[in-house]
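Order-wise, the sequence lines are chains A and B. Position in the first sequence (first residue = 1) + 298 = this note's numbering. Position in the second sequence (first residue = 1) + 298 = this note's numbering.
Do not rely on the hints blindly, as some may be mistaken.
Put simply, identical chains are the same to the list, so a pair is met inside one copy or across any two.
Unchecked claim - Restricting the straight-line Cα-Cα distance to at most 25 Å, the calculated cross-link-like pairs of lysine-lysine (BS3-like) are:
| # | residue 1 | residue 2 |
| --- | --- | --- |
| 1 | K311 | K959 |
| 2 | K801 | K685 |
| 3 | K685 | K811 |
| 4 | K959 | K977 |
| 5 | K311 | K801 |
| 6 | K845 | K923 |
| 7 | K352 | K579 |
| 8 | K311 | K977 |
| 9 | K801 | K891 |
| 10 | K809 | K579 |
| 11 | K895 | K352 |
| 12 | K311 | K845 |
| 13 | K892 | K579 |
| 14 | K895 | K311 |
| 15 | K889 | K977 |
| 16 | K811 | K845 |
| 17 | K977 | K811 |
The set of hints was computed from the structure by calculation and includes no laboratory data.
There are 2 protein chains.
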Amino acid sequence: RKRVEIYQYIVLKWTLALLIGLLTGFVGFFNNIAVENIAGFKLLLTSNLMLHQKHFQAFAVFAGSNMILATCAAALCAFIAPAAAGSGIPEVKAYLNGVDAHSILAPSTLFVKIFGSIFGVSAGFVVGKEGPMVHTGSCIANLLGQGGSRKYHLTWKCLRYFKNDRDRRDLITCGAAAGVAAAFRAPVGGVLFALEEAASWWRSALLWRTFFTTAVVAVVLRTLIQVCRSDICGLFGQGGLIMFDVNSTIPAYNTPDLLAVILIGVLGGLLGSLYNYLVDKVLRTYTIINEYAHSPLPDFYQSIWKGPAFKILLVITISLLTSCCAYGLPWFAQCIPCPTGSEEKCPTQGHAGNYKIFQCQPGHYNDLASLFLNTNDDAIRNLFSSKNINEFRISSLVIFFIGIYSLGIITYGIAVPSGLFIPVILAGSSYGRLVGRLLGSLSSGLDVGLFSLLGAASFLGGTMRMTVSLCVILLELTDNLLMLPLMMLVLLISKSVADSFNKGVYDQIVKMKGLPYMESHAEPYMRHLVAGDVCSGPLITFSSVEKVGNILHALQMTRHNGFPVIDEPPFVDAPELCGLVLRSHLLVLLKGKKFTKNRELFGSEILRIFHAFDFAKAGSGKGLKVEDLELSEEEMEMYVDLHPITNASPYTVVETMSLAKAAVLFRELGLRHLCVVPKTPGRPPIVGILTRHDFMPEHVLGLYPQFISHNYS
Amino acid sequence: RKRVEIYQYIVLKWTLALLIGLLTGFVGFFNNIAVENIAGFKLLLTSNLMLHQKHFQAFAVFAGSNMILATCAAALCAFIAPAAAGSGIPEVKAYLNGVDAHSILAPSTLFVKIFGSIFGVSAGFVVGKEGPMVHTGSCIANLLGQGGSRKYHLTWKCLRYFKNDRDRRDLITCGAAAGVAAAFRAPVGGVLFALEEAASWWRSALLWRTFFTTAVVAVVLRTLIQVCRSDICGLFGQGGLIMFDVNSTIPAYNTPDLLAVILIGVLGGLLGSLYNYLVDKVLRTYTIINEYAHSPLPDFYQSIWKGPAFKILLVITISLLTSCCAYGLPWFAQCIPCPTGSEEKCPTQGHAGNYKIFQCQPGHYNDLASLFLNTNDDAIRNLFSSKNINEFRISSLVIFFIGIYSLGIITYGIAVPSGLFIPVILAGSSYGRLVGRLLGSLSSGLDVGLFSLLGAASFLGGTMRMTVSLCVILLELTDNLLMLPLMMLVLLISKSVADSFNKGVYDQIVKMKGLPYMESHAEPYMRHLVAGDVCSGPLITFSSVEKVGNILHALQMTRHNGFPVIDEPPFVDAPELCGLVLRSHLLVLLKGKKFTKNRELFGSEILRIFHAFDFAKAGSGKGLKVEDLELSEEEMEMYVDLHPITNASPYTVVETMSLAKAAVLFRELGLRHLCVVPKTPGRPPIVGILTRHDFMPEHVLGLYPQFISHNYS
């Protein structure tokens, strides 16, 4: 490349990082304002009706508005972009691992993710907007990297530099980090999240770029919040961007406290792995329901409608259930007299606040309503607060924990964008506070607010199995660095405990969705196999100057993305491996129709008519298709020289190389095709091609079922 | 491996991480106590003499004790372990990149690093104990991983699992992280430092393990500090473990503040790259002086003595110069009346404190003496303090900055363990405070303490070129999360500015020391070369059943570490590559003396007499040497079967593969040898072996000098 192109590339790289940060910051803020206003209005209406003793109307308004919002979210998801349902973090993780699943990062997904998330969270579901923010950030990054959507004629020429896997992956890593940063106002946490959970390949340069992106997000959020101080953002209040206010006194702890903390860690591990197990079961059930709804209908019109209709019905059911819990359960709680001498208003009248009056007399509050009839952010803030130790009774905490734990499990998997962070933090902090209340007599230094923070940490560690990034995110959320050692301890314990039962929730979902995720370590049984053992199928190879008809036939017959090219005698003495040619490049070449009558080398002519960027990787689902080619009978008989588009130095392994080593090579270098060459001379110069699917346990164990029972380790 | 061995391995892995954390924490604390007590006693003595107007005696005591301490440190370094001089971070970085330099992590280095660092810092040099702590942590990890030193008969059998490159590298990464955590009380910062600066390969599992190690360090330090609260640690006071107390009010800033911050960033970048440039020049000068001292002496006795003697002389010179600056420069400062209404005592009498009386009347203090005649930690704390804006006059800050900047440059490279963090933070925070004072009228929200923190950040970014880890370390040091966005901005600017001039200081030192460090990206000119172009030298290959004499001869004649093994006709039809055999394995095999008279396969018998762990990688400098072998004439004529020790699936590349791609493969997989195989059949089955040195720019550009001028990019 020329010098000026390098500069263009660098400037563009940083400009894109800046744009990703700016846009993600704006979207994150917009999300928050929208949710706060919609949910705030809903809650205000409900509590006003409650004040006038109109209990049934209040419930009708509450449940009705929840249901309308939920239906909106579900309709968006079901009809426009089914890929937008769920957290989105597993999909982003799989994409960064190299899985090019269609529509994961499409513009329609972005649109639905933003608005679906707003409606879903406002509808009072036990879901968060944090996972969807990560997905949103990645979608924004993808969209910018493609220079907008080609569908809507928004391409941008300079962006040709980013039409390759590596640069696109880098951008999307930045986007994921920006998403976390925007969701939690945690710039360092965002970088660490991208590093620990999202990215499969990491370079030092990327650390710096993601850091820049998240810094931009932090600045944007800060500026916007300052703008909002002047009451122009409607009901947007304290709850807007989560920043929990934990007691800022220095935590002093002694041995009983440490034991309590260890107890919380173990509990978090157990509850977390149970949560993962149940989420997996529920998700499988939902999938079966949806598939059943899809499958047996002969009528085309019906089958289109029935699938989405089932999904929406499921969402409405869960919405009703959630409304019933949120409105019904507080009736079981007795009214508590307001604490005297508190700085806060009690009971509160507005849409937020710690002390909800609900059905109580003036001067009293309903503690369970303060948790249930609030936005999730406010509920978490209440649980973390440490001003009034007896604010929540033990029975209320138990009811809330059970309610949230169950609702969280059945809510994930319905057709709305649903993050897992908030339900997990809610459940975790409620049992943390519970433990704090129960052991309050033993403990001296730690108060209930800190206990609930530790509970949240332990449950997060138990479900998501991240450590460093969770720790930093929680620190940035609560702005209390002195909790660090305790938080680390809790996270380590809960992760260790949970790891002995099952895998992290995101890994589970990736696996359940059948995405071919390459683990960073090779499976133990792979050490007993060699690369040649798993190469499958009849190999289709091309000669370096190949007949057009043969190529077209091969492209039509198979769905392979890479074909080996072999130099054959007139041009060389003996057949030898020339390299690897990609399907997409073949399609571009055939489209160009630069053929010759005879079998001869004319690569230089071909190079003249194509520009290097013609072969750049197209956006997802936007490349040429084999159906787009129109070739005459005469052209089919002609020859084309594949040398110019052949990657002449593909990575190769010898067929006797251990499969484990080949897997490490494949994974570490982020390959898509790995050529297997024969060990002994005198055979065809290539034995096969290994792709991602050949390394998947299902494939390998399908070929060699004896390894299933052996329990190799 | 068997199941029980896996468990042993896991338990051991975590036990070692725990031990590394514990030991590093203890050593870090011990270092601090020792320095605080020695330096405190020295300063107390000096200030007492000053109080009695005995100025010359005071100087004599001050300079004399400095010189004695400096001589001790230099003597330790020069005679026992020259590798302990300097920061140690570049060496650790090179080791983690795969450079097996002898003695970098030896037990003697550990000893000298600890005590040399204590003496050096106590001697009042402008050096830090942070870099040496990183090296100390890595040495501890290495020592534990080897199960103690074999020299002192402290090996431990279970540790055989860790006798390979990967596990050892993991341990040392943990050690480096623990070192940072112990030096700065920054557990998260330690993990990020290991990730961003130290390690060349990173796995997600490692993140968790380093995190555990640094958490242990944090807990140990916390416990020990609490123990010390009860005044049993002598003069160990506030200054012991750095934890700077920056103004904890929420920083509010506006546009002029932002401009000032950008100015600091740019300034930091410029000053930082100049610092790197000058440090490099000074280091090269010192190396020339030392080499000159070594070379021309015919007398053996003299040449042993002269080298170290020169080094010690240099240390004494610098020590005198430092003492003169520290004691002399404060005389230029005028006395300032003590501020009224301050909570702190003024002037202070003891060894620490903000307001040194020096030569002044009671009720006055000398601001320059508060900076110079203090431990470095206390000086930094003074600079960061924001209680009294006018505590330091502009002229004093200018003098201090110039003094520290120059002393820092000439001090690094002398024969004492010398960290770079503290000098850089000192210089950075002084010009940061200076900028804060000068722009004080414009600025509204930020006070001088925050400005000096930002100055320190910018200068750190400009010299060391880390971003995320520095940011987190500074946050953990100052315990003020709200500074994050400004800190990020400053770091990004200063790193960008400085990067356009030269490389980071650690990279520079690695390069200057001639360590073959593999960069993570391939050089641009490598794209124009193929793997076959740089394979050098006549290749020595062994037949798979080889004559003992030939092997011994090859081992004696060359210093290669890997030899290709070729299966040859009686055993196969045509010569083919069998694999790669390592020098160390060959030595063990020859030592075993399991030979046969005839050329035949008897690998299974060989396997019977050896245990797998006989071939495990020995500790640094402790493997068998070729001189240790004693073979008779008769044995030399016998044959040995190399199959059992041959790595039968080495990574290979075809000779026509682009050198850039081969470099990526080599680096990403952390290889030591890469076999180059021919493209066309009918030639010998291996063309050459690529090692780390073959990828070094010096080697490649030596072979193809035309690429030097081309300025490829």
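The hints, checked one at a time:
1. In this assembly of identical chains, the alpha carbons of K311 and K959 lie at most 25 Å apart only when taken from different copies (23 Å versus 34 Å within one copy).
2. Taking CA atoms no more than 25 Å apart as the test, K801 paired with K685 passes in neither setting, with 37 Å inside one copy and 51 Å between copies.
3. Taking CA atoms no more than 25 Å apart as the test, K685 paired with K811 passes in neither setting, with 45 Å inside one copy and 58 Å between copies.
4. Both within a single protomer and between protomers do K959 and K977 lie at most 25 Å apart by alpha-carbon distance, with minima of 16 Å and 22 Å respectively.
5. In the homo-oligomer, the alpha carbons of K311 and K801 lie at most 25 Å apart only across protomers (21 Å), although the nearest pairing inside one protomer, at 36 Å, exceeds that limit.
6. Proximity of K845 and K923 under a CA criterion of 25 Å is satisfied intra-copy only: 19 Å inside one chain copy versus 60 Å between copies.
7. In this assembly of identical chains, K352 and K579 lie within 25 Å of each other by CA distance neither inside one copy nor across copies; the values are 40 Å within and 83 Å between.
8. For a Cα distance limit of 25 Å, the shortest separation of K311 from K977 qualifies neither inside one copy, at 43 Å, nor across copies, at 38 Å.
9. In this assembly of identical chains, K801 and K891 lie within 25 Å of each other by CA distance neither inside one copy nor across copies; the values are 51 Å within and 49 Å between.
10. Only within a single protomer do K809 and K579 lie at most 25 Å apart by alpha-carbon distance; the minimum there is 13 Å, versus 56 Å between protomers.
11. Taking identical chains as interchangeable, the C-alpha atoms of K895 and K352 are never at most 25 Å apart, the minima being 87 Å within one chain and 104 Å between chains.
12. For a Cα distance limit of 25 Å, the shortest separation of K311 from K845 qualifies neither inside one copy, at 41 Å, nor across copies, at 58 Å.
13. Taking the shortest alpha-carbon separations for K892 and K579, neither the intra-copy value of 55 Å nor the inter-copy value of 59 Å comes in at or below 25 Å.
14. In this assembly of identical chains, the alpha carbons of K895 and K311 never lie at most 25 Å apart, being 45 Å within a copy and 66 Å across copies at closest.
15. With identical chains, the CA atoms of K889 and K977 are never at most 25 Å apart, being 37 Å at best within one copy and 32 Å at best between copies.
16. Taking the closest pair of Cα atoms, K811 and K845 never come within 25 Å of each other, the shortest separation being 40 Å inside a single copy and 57 Å across copies.
17. Taking CA atoms no more than 25 Å apart as the test, K977 paired with K811 passes in neither setting, with 38 Å inside one copy and 42 Å between copies.
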